[in-house]
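Following the hints, complete the assembly by docking chain R onto the known chain Y.
In order, the protein sequences belong to chains Y and R. With positions in the first sequence counted from 1, the corresponding number in our numbering is that position plus 212. With positions in the second sequence counted from 1, the corresponding number in our numbering is that position plus 27.
I should point out that these hints are in silico values taken from the structure, not numbers from a laboratory. No incorrect hints appear here.
To give an idea of the chain R side of the interface with chain Y (calculated C-beta under 7 Å), a few residues: (1) 68; (2) 69; (3) 70; (4) 72; (5) 83; (6) 135; (7) 136; (8) 137.
Okay, the calculated beta carbon distance ranges per label pair: (9) R:68 to Y:291: 27 to 33 Å; (10) Y:227 to R:89: 47 to 53 Å; (11) Y:291 to R:42: 47 to 53 Å; (12) R:142 to Y:215: 24 to 30 Å; (13) R:144 to Y:325: 34 to 40 Å; (14) R:87 to Y:257: 22 to 28 Å.
Even glycine gets a Cβ: it sits at the ideal position worked out from N, Cα and C.
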Amino acid sequence: AQSVTQLDSQVPVFEEAPVELRCNYSSSVSVYLFWYVQYPNQGLQLLLKYLSGSTLVESINGFEAEFNKSQTSFHLRKPSVHISDTAEYFCAVSEWGRDDKIIFGKGTRLHILP
Amino acid sequence: DAGVTQSPTHLIKTRGQQVTLRCSPKSGHDTVSWYQQALGQGPQFIFQYYEEEERQRGNFPDRFSGHQFPNYSSELNVNALLLGDSALYLCASSPDRGHLATNEKLFFGSGTQLSVL
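Chain Y extracted, bound-state conformation:
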């Protein structure tokens, strides 16, 4: 069975500063990895995903995540955050080839400070 650990429940960061949201996973089989974002009073939206190939994946709004198999990590980073990035971010995993059941971490709330 897969599991996901997000070490930080909340991360405060000043606007225009860089941020890293940490995610570690556990699985006995190959996996797909995801980051989802949940803005206040909205549903979950896929931010980016890793399926295979290049270990660095990027989103359209400046976020990136790097798959590190040896450390079983998939940390999310952004070099300069904006107030609009205020949201809850969920790391998630699914079994490779069996991606209709996604396991989520507990989430990290990103607070952008003015």
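Just chain R now, kept in the frame of chain Y:
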């Protein structure tokens, strides 16, 4: 395109009661999954419906049941409500099962906030 719509948006029930939550999938989607998101937690997979049948189930008791209709809409039923059932219930739809990651077509609704008093 309305996306995934859920109703009601908020609901208050008392212990022991029964509740039905509804979900209309995104146009063109035929698979519906339900998740429970307790306060401060990530969403947990309840079950998935495809072709009007439950195809996968997470670690939830039989008090949680569902249904899918011929128009692909779905209901989540919870019997004998407990205080611990208070949560945001999310519905997600996709065009077909087994290809979510490659197709990027899993869409979530905004959820139903259930409070059990």
